[in-house]
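**Student:** Position chains V, L, C, E and G against the provided structure of chain A, taking the given hints into account.
Number of protein chains: 6
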Amino acid sequence: MPKTNSPNDGIALICGRANPGLGEEIASFLKLKPTKVQAGQFPDTETHIQIDKSLRGKDVFIIQPTCAPVNERLMELLITIDACKRASARQVTVVAPYYGYGRQDHKSTGREPITAKLVADLLSVAGADRIISVDLHAAAIQGFFNFPMDHLTAVPILAKYLKTLGSKDIVIVAPDAGRTKMAEKYTDILQWPMAIMTKRRKGVGGIDLGSYHVLGDVKGKTAVIIDDVIASGSICKEVEILHKAGAKEVYLSITHPVLVGQSIELLKASAVKKLIVTNTVPVPKEKLKCGKIKVLSIAPLLGKVIYNVHHNKSISSLFLKEHLVFPV
Amino acid sequence: MPKTNSPNDGIALICGRANPGLGEEIASFLKLKPTKVQAGQFPDTETHIQIDKSLRGKDVFIIQPTCAPVNERLMELLITIDACKRASARQVTVVAPYYGYGRQDHKSTGREPITAKLVADLLSVAGADRIISVDLHAAAIQGFFNFPMDHLTAVPILAKYLKTLGSKDIVIVAPDAGRTKMAEKYTDILQWPMAIMTKRRKGVGGIDLGSYHVLGDVKGKTAVIIDDVIASGSICKEVEILHKAGAKEVYLSITHPVLVGQSIELLKASAVKKLIVTNTVPVPKEKLKCGKIKVLSIAPLLGKVIYNVHHNKSISSLFLKEHLVFPV
Amino acid sequence: MPKTNSPNDGIALICGRANPGLGEEIASFLKLKPTKVQAGQFPDTETHIQIDKSLRGKDVFIIQPTCAPVNERLMELLITIDACKRASARQVTVVAPYYGYGRQDHKSTGREPITAKLVADLLSVAGADRIISVDLHAAAIQGFFNFPMDHLTAVPILAKYLKTLGSKDIVIVAPDAGRTKMAEKYTDILQWPMAIMTKRRKGVGGIDLGSYHVLGDVKGKTAVIIDDVIASGSICKEVEILHKAGAKEVYLSITHPVLVGQSIELLKASAVKKLIVTNTVPVPKEKLKCGKIKVLSIAPLLGKVIYNVHHNKSISSLFLKEHLVFPV
Amino acid sequence: MPKTNSPNDGIALICGRANPGLGEEIASFLKLKPTKVQAGQFPDTETHIQIDKSLRGKDVFIIQPTCAPVNERLMELLITIDACKRASARQVTVVAPYYGYGRQDHKSTGREPITAKLVADLLSVAGADRIISVDLHAAAIQGFFNFPMDHLTAVPILAKYLKTLGSKDIVIVAPDAGRTKMAEKYTDILQWPMAIMTKRRKGVGGIDLGSYHVLGDVKGKTAVIIDDVIASGSICKEVEILHKAGAKEVYLSITHPVLVGQSIELLKASAVKKLIVTNTVPVPKEKLKCGKIKVLSIAPLLGKVIYNVHHNKSISSLFLKEHLVFPV
Amino acid sequence: MPKTNSPNDGIALICGRANPGLGEEIASFLKLKPTKVQAGQFPDTETHIQIDKSLRGKDVFIIQPTCAPVNERLMELLITIDACKRASARQVTVVAPYYGYGRQDHKSTGREPITAKLVADLLSVAGADRIISVDLHAAAIQGFFNFPMDHLTAVPILAKYLKTLGSKDIVIVAPDAGRTKMAEKYTDILQWPMAIMTKRRKGVGGIDLGSYHVLGDVKGKTAVIIDDVIASGSICKEVEILHKAGAKEVYLSITHPVLVGQSIELLKASAVKKLIVTNTVPVPKEKLKCGKIKVLSIAPLLGKVIYNVHHNKSISSLFLKEHLVFPV
Amino acid sequence: MPKTNSPNDGIALICGRANPGLGEEIASFLKLKPTKVQAGQFPDTETHIQIDKSLRGKDVFIIQPTCAPVNERLMELLITIDACKRASARQVTVVAPYYGYGRQDHKSTGREPITAKLVADLLSVAGADRIISVDLHAAAIQGFFNFPMDHLTAVPILAKYLKTLGSKDIVIVAPDAGRTKMAEKYTDILQWPMAIMTKRRKGVGGIDLGSYHVLGDVKGKTAVIIDDVIASGSICKEVEILHKAGAKEVYLSITHPVLVGQSIELLKASAVKKLIVTNTVPVPKEKLKCGKIKVLSIAPLLGKVIYNVHHNKSISSLFLKEHLVFPV
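Heads up: the protein sequence lines correspond to chains A, V, L, C, E and G, in order. Position one of the first sequence corresponds to residue 1 (the numbering used here), numbered consecutively onward. Position one of the second sequence corresponds to residue 1 (the numbering used here), numbered consecutively onward. Position one of the third sequence corresponds to residue 1 (the numbering used here), numbered consecutively onward. Position one of the fourth sequence corresponds to residue 1 (the numbering used here), numbered consecutively onward. Position one of the fifth sequence corresponds to residue 1 (the numbering used here), numbered consecutively onward. Position one of the sixth sequence corresponds to residue 1 (the numbering used here), numbered consecutively onward.
Check each hint, because a few of them may be wrong.
Copies of the same chain are indistinguishable here, so a pair counts whether it falls within one copy or spans any two.
[Said to hold, decoys possible] Below, a list of computed lysine-lysine pairs in the DSS-like style, where the Cα atoms sit at most 25 Å apart:
| no. | residue 1 | residue 2 |
| --- | --- | --- |
| 1 | K294 | K274 |
| 2 | K219 | K160 |
| 3 | K313 | K31 |
| 4 | K160 | K199 |
Calculated from the structure, these hints are not laboratory results. Predicted, not measured: the structure shown is a model, and the values here were computed from it.
Chain A on its own, in the form it takes in the complex:
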C-alpha cells in the first residue's frame, strides 16, 4: 500500500458532493484528510463554494463523478475548479470516474450538439489541468482534451468477480453493436465466448426475437450482459430476450450504476440474477435493499492512480505488474 508520510505533503484532496462515500474511501486508502469545502446552494439555486484551507502550490485532486443530477454535479465541479485555480493551486486534476454526457460524443443527425466535447471544453476553460476517468462511453473522448487523461477501466475488477460465479458455461453478451469492443475486453480476460444483440433491424439473421436478434450462442448458458452505464433500466428488456433465446440465467455487469427513474422496480420485476456494478456513481442504501445489486469498489484503483500521478510514477507499469487493471 502506498504510504504518504503526512496529509500535507503537497497533495490536496477535494471531495465534491456527487459521491462523498467514494471520496472518503479514496482518502482513507491514501491516508489523507480531504480539504474541507463549504459547498451549498443559495436560495436562488446558485451553487456556492468556498474552500477551507490554503491550496497555494498544491497538487489538487477533485473527486466528482458527473452523475445525476448531471447539470448540478458538473456546475459544482466547474465552480470548484475555478476556486482552486484562483486560490493558486499548482495543478488541478479532475477525478470524474463517471463522465456524464459521454453518450453525446458525436452528431448522429443534423443540428445536434456534441455535448461530451462541450463538457471537455468547459472543464478546460474553467482551469482543469488533467482528468482521470473510468470506462468512457467512447474511447475517443480522450482526444477531446488537450491535456493528459488517465483513462482507466473497471472491466478487470468486474471480470474478477464474474469468475467467482461458479458457472461453467458462460457467454459474454454485448447488448448492441456499440458495446462489442467492451465485450471483447471481457473475453480477452475471461476467455469466454461472446454474443451480440442487435435491435430494430428486420431480417438481420441470428436468433430472431421480435425486433431483436442475437448473434452467437446463448442457449442453455449463463449470459452476462455487459455495458458501461445502467440508467433507466431499459436493459431489463434485453434480459427477457435472452431468456426467450434460451439463456439459463442472466447477469448484468455494468461499470456505472446511474440508477434513475423506475430502474430499481424494473430490476426487481425482471428475471435478472444479479446486477454487478462499481461505486463510480453512488448507489443509495434504499436502492441496495432490492437485493439484486453487488457493488464493487473502484476506490483502491483510483487511490493508486492518484498516488502515482502525484508522485510521477507510471500508471501503465503499475497495472501490468498487478495483473489486475489496465489503463485504456
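**Tutor:** Chains V, L, C, E and G alone, transformed into the frame defined by chain A:
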C-alpha cells in the same frame, strides 16, 4: 414598430425553456416564428437538444435568462449554443435578460470562485458571439466578455410606472451600499430624493433601528426600495425597518423577480404595498395570485434591441430618441 | 443540378495534389473553374505553394484527402490553408473526403499519441474554418473540431451498387468489433442479415476458424465484408476465412481505397469477387488493371454539399429528400 | 520577519521605473537584492529593456504600479514581462499596487472601451502568470484575469493611522455613491458613523448644498473623506462642501496618491487638514513640501505577500492572524 | 480614382491622433468623412476614447502610425480597437504605415524582449482583424501576425522621385549590412549601382575610413543613402564618411521621418543635399523650415489599398498594373 | 564536463529518426541513456510513435532537426510531442538544430504562405514548451514563438576551424545581400575583410561577372563563402564566379549540410577546396566519400545547452565564459 418582411430573412429566434412566455412576446413583437427546438431531459437527467430547422448562415438569437434552477438553465443554454455553432450558424447572440451568478462577481474572501466570470468563459468557449442582458448586478461584468455586450436597463420602464403611483412625497431607497448607484439611476430620471440603508454596523449614524441605519429622510414619505433581484424575499425585513423609521407606505421596484422559497409568503405577510418587477424571469400564475405583484414587460425593449442588432442599427441612438430606455 | 451563374460568384475551389481527378469532377459538377495553384517541392523537399488568383473575401474550398503519402498530403494542405488565410479568404473549408490518421483516435495503451486529434488541431491552428469528410473511422472525431464538420457517408452509394449484384442471399459482414456500427448502416438500408468476425480470442464461440470466429450465419451465402479503409490488403485473410466458413462468394465494400504495398497482389491472389470502393482516394490506372476493383464516384455528393454549404442550404434536408445519402 | 537565507533561492525581484523607492523598501524588507535591469528610452521614444542576470527557472516579481505617465509605465511593464518570459522565468508575478485605468471598468455609454479589461488582456498575452494589486477601483476587476490575483487593501493601514488623530466625533464620508462600499470597510474596522455625498441631482434630500447633498450627519464633526485615488485634486471641492455643511475639520484618507496637475496647489488652498495616503504611487519630495501629506508605507504588506506567494503560504491566514490587513 | 457613392456604405475611417494630416488626405482621396472620435487624456494621463457614431457591422479602418511618442500612440490605438470591437464593428483593420518597435524584432543578446512581436500580440488581443503597414524594418514581422497583413513599400514612390534628380552617375548606398536587401529594391527599379557601408570592424577591406568601410564605388558619384527610418539623425555621420570617400553629393532616401531630438540640427549642419521621405509619420511645419526635406505623400497608396481591401479586390494586381508600387 | 549523477534525474532524452548519430553523441556527452521510442511507418504511410518508458513529470528533450524529407521529419516531431504531452511530461523542449522551412519566413509576393510561422504554430499547438535551434535563416523567427527559444550559432565553431587553414590573406564572402549579417558574425570573430556578391542586377558596379557582381576585394585571396544552408549545391556557381574574379582558392563554411539532389556531384565537379559544415543535419557516409567535406560536431554545444536549460543555468554566461560560442 420595426417590420420584418419575412420570418426567414437571415434571423433565427430560439426560445429556451427558461422563459417561454417572454420568448413568445418577443417573437410576436418581431413578427417572427421561433425556430423549434426539441429540448428535453434524458432519464439520466442529461439535457438533450435538437434544432428542427437549418441554421446555416443565420443570425441566431437564443432567449434564455439563467434564472432558477440556474444550473439547468445555464447548461441548456450552453448545449444549445454548441448545437447552433456546429449547425453553421453565422452568429450566435445570447439573450439572457437575467444573468445568473451575477452576484458572484468578485472574491469577497479567500478561496472563493468568481462564478460570474466563469459563466462568461463558459458562454465564450461554447461558441457565443455576443450577449444582451439587463441590469447586471455589477456593470464590470461587461468586461468579463471579449465580445460585445449590449447591457440594457429596465429602470426607465420601472420609473415610468412609479410615476403613475400618484404619491407626492416619494423617496427612493437603496437597500444597501452596493445599490446606491442603481438608486441614482432612478433619481436621475424621477428627480426624487434618495435614502440609503446600511446594516450590521454599530454607530453608523442616521436613524438607528436595531442593526439597521437609514441615511436620508423617510419619515411620512412613500418609500420605494429599489434592487436588481428579489430572490428569497429577505428584503421584506427592510420594508419593516422603513415602516419603523416612519415611512408611510413602502413599494419595491426590482428588475428580476427570481421569487424562490418562501418569498411569496413573506411578501403576503409584509406591509409592502406592491412589488413592481419585469418579466426578465417568469412569474408563474400561482405566484401572481398573491395580488401584490405588478409585472411590466421587457419584451418590447428586447425586441427592438434584437431588431437593431440584426440590422446593424445603433442601440444608443434609438433609446435616446425615444426618451425611454438607456443602454448602460 | 445546382446552377452557378458564374465561376466567380464568391466561391473558390482549390484542388490539392492528393486527388486531382476528384477535384476536376467536383469542379465540373459545380461548373466552376478551380483556382490555379503553383504547388511543388523545392530541391530540399520543402513544399512550396503560391495561389494564382486573388482570394480576398472568397469562400474557399480546398479539396485534399490526406491519403498516402499522408505526411506530404497533410503538410501541403496546412500550407495551402495558411496561404489562403493570409490572402484574406473569407472562409476556408477543408474538403478531406479521406481523413488520414483517423485510426489513431484514442490511446490504446500508455504513451501513445492521439494523432487524429493532433491533425484536427493542426488544421485549426493553420486557419481552417470548417471541414467536410466522409466515413470517419470514429464518429467522435467530429468532436475533435470546434468548428462545424459535415460528416458524410458513402454507405448509401455503396449499398445502392450492392443491390445491383443480383444475389438473393446476402449477408453483410463486419470484419471486427469496431466495424459493427458501420455494418448496421448497411443493414439499415439494405435490410440484409449481418455477421461479425472476431479474431485472436480463444473460445469465443460461433464458427471457430483457427484464431477467427464468425458470429452469425454465412453458410452458402454471398458475403459482403464492409470496412472504411483498405490499405495493405490484409483483409484478404478475412475473405479466405469466410470461404472456409462456407460463404459462397465474397465481396468487399469499402469507402476509402488506400491501396498500398502488396494490396493489389493480395487482391489478385485472393478469392474475392470484387472490391467496391469510392474515389475519395485516387486509384491509379495500373491498379485498376487487376480487374477486381469497381470505383463509384463520390464527386456528385461532395459537389452538392459544397454547393449547399456555400449557399447556406441545409445538408440534412437535401439528402433526406433524395433518399440517397445521409449525413452522419 | 520572514527570513530568506540567500538572495538567490529561486526568487527574483525586478523594480521597474514607476516607483523605485517602493521597490527598494520591499527588497530591503525581504533582504533581497533586486535583479538589475537596463531600462531606458531610445531617442525615438521606444522603451528598451535588458535584464542583467539569468532568470532561468526563477519566480520573478516585477514591482511596477501603472501610475502616471500611465502609458509609459504600462508599456515598460509589458516589455519587461516579455523579456522575463523569453528569458525562461518559471513564473512572472506583476506587483502593480496601483492598477492604472481601473476606473474604465465598464461602458457607461455607447462606443466606449473597457480599458481596465484591455489592460488585463495585455498583461496576460505578454506572459504574466499572476498579479498583486491594492484597492482596485472595482472589485470585479479581479474577474478580468484568468490567473490568480491577490487583491489587497490598504484600508486597515489607513484606518490604524486615523485612530491616532485623537478626535472623538468622527464621521467617514463617501464622496459619491460608488465609494459607499469602501466607506463601509472603514466603518467595519473603526465603528465610526458614515455619511454619503451625492452630486448633480436636484431635490435628492439630505443637506442641500448647491448641487451637492450630504446623506448622514456631519455637523460639528471631524469628517474623513475616503477614496481610492486622488488625481487632479478636484476632491477639494467636496472638502469645501463638508465645511459648509458644518463639519469641524476635514481629512482625506486615500490609498493612491496620483497627484497630477494642480492637485498640490488645490490642496494647499483648501481647508483640508491632512491628506493621508500610501506609497503605492511615489510622491516626489517637492510635493511633500506642501506639508499637508502623510505617506504610510505599503511596503511591509507587499513584502509579506510576495514572501508568502513565493513560499506557497496562505495570505488570508497571515492577515487574519495579524489583525491588520485583509485581502479582498 | 475609386468612387465610393456614399460615405456610409459599410466602411468607417477613424483617424487617430498620431498623423491627422495623413488621415485627412486618405479620407479626401476616398471621398469619405472620417468617423469622429472624442480622444483625449484625463488629468491622470489615462487615454480616453469615445466614438461618436455607430460602428455596428462596419468595416473599420483605424489610421494610426505608432511613431513617437510611441507608447502613447500605441496605447491609443489599442484602446480605440477595444472600443470598436465592443461597439460591434464587423472588422477592424489597423492602418499603421509606420510600425513602431519594428527594430526590436529579435533578441540580439540574452534577456531581451522581442517587442515587435509583443506589439503584434497586443494588437491581436485587443481585437484587430488585419493590418496594413509600409516598409517594415524586417519582413518577417509579417509572420508575427496570425491574421492577414498587407505589407506595402514606399520604395517605388521614393525611386520615382530620385529619377527626377537629374544626376547621371548615382550610386545607391546601404548604410549597413541589414539594409542591403532594401538597397536591392532600389537597384531593381532604378538599375543603378550599389555600395554598402560597414562599421566597427577592423580590416574589413574596401575603402577604410576610420571605423567605417565602404564596399563598392562611390568616388565622384552622387550617393543616395537609403534606409527605412531616420530618427535621431545619426546617419549624418555616414553622409560625412561618404564625402570623405569621394562622393560628389549625398542624398538620403528614407521612408519614415521619425525626426526626434537633434535630428533637424544635425541635418542642417551636415553636407546632405536633401532628405527625401514620405508622410507615414508627420513632419511638423517648423521642421520643414530647415529647407532640406522633401515629403512625398503615401496617402494615395494607402487610399487605394484601403479601397481594395474593403471591396475585396486584389492588391497585387492593382500595383502590377500601375507599375508603381509593389506589395512585399 | 557537466556531470549528471544518474540517467534518471528528471531529464529524458528522445532521439527522433532525423539524426540518430547526433542524438547518440549528445546522449554520450550528457552521460544519459536516451528513452527508447517505437517509431515507424504503418503500411498506409502513417507515422506511429510509442514511447517505451514513463515520462511523467520529466523534462523531455526531443532531438529532431527538420531536415529532408522535411514533411516526414516534422510530422514525426509533432506526433512525438503529442505523445509526450499526453504521457504527462512536465516540459517538452524541441531540439531542432536545423529549422526546416526557415527560408519561408515572409511573403515575398502575394498569396504565399509564411511556412516558417506555420511550423512555429504547429509545434506550439502540438504541445512544445520551448525550442533550441541553430543559425536560423532569419533571426526574427525567434519571435514566431510565444515560448522561449534558445537560438544558438555555429559560427564560432566554424570560425575556429577556418583559423586553422593557415592562409594569410582571407576574405569572408556573403553570397547575397541576405547573408551580409551572417558574414559580419564571421568578421567580428576573425577580423578578416569581407566581400558581398549580388546577382541578377545590371550595372550594379563592383567587379562585373556576367550577371554577378562582387563588392569588395577578392583578387589573389583565399575566399570563404559563408551561408546557413547548402541544399542543391547551386552555390558552386558562386565558387566559379569568385575564381573568375581572381580568388586564389575558395572554401565554403556552411552550418547546415542539407545536401540533396546533385549537390555532391556539383561539389566534386567544382573548384571548391573544402566544404566545412556541422552535423546539425546528418551527412551519410557515401556522401563523405567525395573527400571535400569536413564535418564539425555541434553535439558538445547542444549538450551543454540542454544541460544548462535543464538545470536552470544561464546560457549567455556559459558561452561568454568559454569565449567560444554566443547565443543569438
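**Student:** Does each hint hold? Answer for all of them.
**Tutor:** So, going through the hints one by one against the coordinates:
no. : hint        : result
1   : K294 - K274 : within (7 Å within a copy, 51 Å between copies)
2   : K219 - K160 : within (24 Å within a copy, 36 Å between copies)
3   : K313 - K31  : both (18 Å within a copy, 23 Å between copies)
4   : K160 - K199 : between (30 Å within a copy, 23 Å between copies)
Of the numbered hints listed earlier, not one is contradicted by the structure.
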